[in-house]
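Using the hints, position chain E against chain V.
Residue numbers (this note's numbering), protein chains in the order written: chain V, 1 to 626; chain E, 1 to 171.
In short, the hints are calculated from the structure, not lab data.
A quick note: this is a predicted structure, and the numbers were derived from the prediction, not measured.
Check before you lean on any hint, since a few could be wrong.
To be verified - Per the computed footprint, the stretches of chain E lying under chain V, defined by three or more beta-carbons under 8 Å from a beta-carbon of chain V, are: (1) 29-41; (2) 131-138.
Unchecked claim - Rough simulated footprint, nothing fancy, chain E against chain V, three-plus residues with beta-carbon under 8 Å: (3) 49-55; (4) 72-83; (5) 405-416; (6) 430-436; (7) 606-616.
Beta carbons are placed, not taken as given, at the ideal position from N, Cα and C, and that holds for glycine.
Below, each chain spelled out in residue letters.
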Amino acid sequence: MALLQISEPGMSTAPHQHRLAVGIDLGTTNSLVATVRSSIPEVLNDEDGRPLLPSVVRYLPNGHANIGYKAQAAQTTDPKNTIVSVKRFMGRGLKDIAYAENLPYDFVDAPGMVQLKTVAGVKSPVEISAQILATLRQQAEDSLGDDLVGAVITVPAYFDDAQRQATKDAAQLAGINVLRLLSEPTAAAIAYGLDNGSEGVFAVYDLGGGTFDISILKLSKGVFEVLATGGDSALGGDDFDHRLFCYIHQQEKLAPLSDEDTAVLMVKAREAKELLSTKSEVTVDAMLKSGEEVHLTITAETFQEITKHLIAKTMNAIKKALRDADVDVDDVDGVVMVGGATRMPHVQRAVGDYFHTIPHANIDPDKVVALGAAVQANLLAGNRAPGDDWLLLDVIPLSLGIETMGGLVEKIIPRNSTIPCARAQEFTTFKDGQTALAVHVLQGERELVTDCRSLARFELRGIPPMAAGAARIRITYQVDADGLLSVSARELRSGVEASITVKPSYGLADEDVARMLQDSYKEASSDMQARALREEQVEAERILLATQSALDEDASLLSDAERAEIAVLMQTVREIVAQSAEGKADHSAVKASVEALAHGTEEFASRRMDRSVRSALAGKALDQVV
Amino acid sequence: MQNHFELFQLPQKFAVDAAALDAAYRDVQARVHPDKYVNASDAEKRVAMQWATRANEAYQTLKNPQKRAQYLCELNGVDLQIESNTAMPMAFLMQQMEWREELADARAGKDADALDSLDQQLRRARKSRLAEIEQQLDAADFHAAAQGVRALMFLEKFGEEVRFAFDAIEA
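Isolated chain V, as found in the complex (with noise of 0.2 Å):
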């Protein structure tokens, strides 16, 4: 909605006003939600007062949920319905999920997005993500006694536009307004940081449940600069969960594995696994249901002997990033261990020896992500005093590209470039007489498309006919600060334009997301629709006044036409108002009104807008514009 007054950069909120703003790291594993009060940042707890939420769902054959502790203990027993690691399905499609064969779901291989069958239906993974996030939120309004105005939510650094895409989706689901999403590393070093008064170069090593991020950032008074980072969206702890559930599998000669044993089996490896942190050697045993029975010793040497391959995967992304960064390793003044699969001893010890130091593991590995997100919302949310400030300049993960002829990916936006940021290249016509140009918009680091990830399609049609190689083709990528997409096309002898917001093609379409929204409000009683009403009156009132004020102040910045359209507006407000008033009119018909006004000056609020950051960056006093 147009707001139409414009503040001071940087304080965009009336002081002393606390607004409610939370930080979640939504993890593979476990999800938390933390916030700052009296200027420390804390996790909020659960009822029971247990930090962490299980980010396990088990759906239930009457079309209920059960979420966290609860799912997590009918993990062994209902496996088919109980839907653990969601965060691995994320924009993902069938055939890039890792040892699909060996999880115990029905999956559904729908377009783009794989969706897992379950006893209450076919669920997306962004609807199983929606529902934690909005066990979290809920958890969050419950302690704070209030509403939030919005949430930071991380995602791994490494995680393309679709996997982004699918989160900001499902937090939208929930319900939740997305402030910002915010990469786990930079959350963990901004947790750090500001805790530290660190200055200098500093690499953070990420390993979770199922994600593998390295940044590598530069903090210097103020500035938390991303000068690389990269990855593997599909490496974590659950991989050296698997690999000493293969071991299990191989040493006993067991035979294939029904869906109750395999969970049962995963579950003594993850065991296994937690106890080789503190212990020299681990025993498994366990009692099949196909009657076979388990009984074996795992020294911490086998355990390091098994898993090599995957450390060693991730010192050759250290290497990546560095050079990305254009750092020499011994340039990296520290480093900070992030995610739970951090406390394994042999990878401290990597990660130590390539570094030449010892790793800071000081915050909760487990707790430090959600932390720094919580410090970040809150001076998003506009808390903070002005001068207690921080500017945070993040990177895109990987290239953006173009198809151009024969299969290959023209890249358009380069990995590691600062966001927000935009390129524009020109392309032309193959064909003499081509009227129309399928724009195929690939994100990787491959040369051919088949070896990069697609993003979407989309046309330009409408090209008047000419000559092979005549027209002017200019497609604009553009990243916003959440690293997410959009793509325009344009011709520019005849102006023809198309464009795209990046949503995945199996993403949930906006429609989509407003169906599940407009069912949940379905049940809604009517002291709801009440509610709603007298909340779409106050903004009702809100925009017209701002409005007004607005016009007062610069109306110079319009023309004769565009003001008298923006009088026809603000009369359909008010009138349909005076109508909801009489039981006329209902909350919908209040909100489209309202709507159609914040449309109606959106160009106006972005001339005043652009108007007032020239004259600020020209250093006139802003009281003579605003």
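Relative to the frame of chain V, chain E by itself:
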């Protein structure tokens, strides 16, 4: 529309005070970055994103000496014609061929020392080329500078190949 130098209020010449550039960039981002407008309207968010995008573009252009030189040529009406103009002096081409042979030998023999020496030579060549470009730009000889930038791009590209060769040997 301000050019990149004007945006950061820096003198429009090749020699750039790196610390002043960093400080100016951060100052601009501190005013326009979308993180400062999280609670604003969609229109304001969009404008903030566009300004922050511009600031990033300007910073990346001015920070990198080759891009900066190219930009100065363009500001002064000299297009580099990177795709159409590949003419290079004979001596430069001979040098390139020599280096390419050295690279091929080093790669075949997995000779890291030879790669190192090649890398050193390249660094020196880039440095002296940049010094030359600076003089040409300061003397407002933008056509000569453009020729220099094209040569520099050859060197950068070759430098990339040397880095790939390092990677291949390490792996």
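Here is what the structure says about each hint:
1. 29-41: As far as the segment 29-41 of chain E goes, the hint holds, because 13 residues have Cβ atoms under 8 Å from chain V.
2. 131-138: Answer violated; 0 residues pass the 8 Å Cβ test.
3. 49-55: This one is violated; 0 residues, fewer than the three required, reach chain E with a Cβ under 8 Å.
4. 72-83: Result for this restraint: violated, n = 0.
5. 405-416: n = 0 at 8 Å, threshold three: violated.
6. 430-436: violated (count 0)
7. 606-616: Holds, because 5 residues of the segment 606-616 of chain V bring their Cβ atoms closer than 8 Å to Cβ atoms of chain E.
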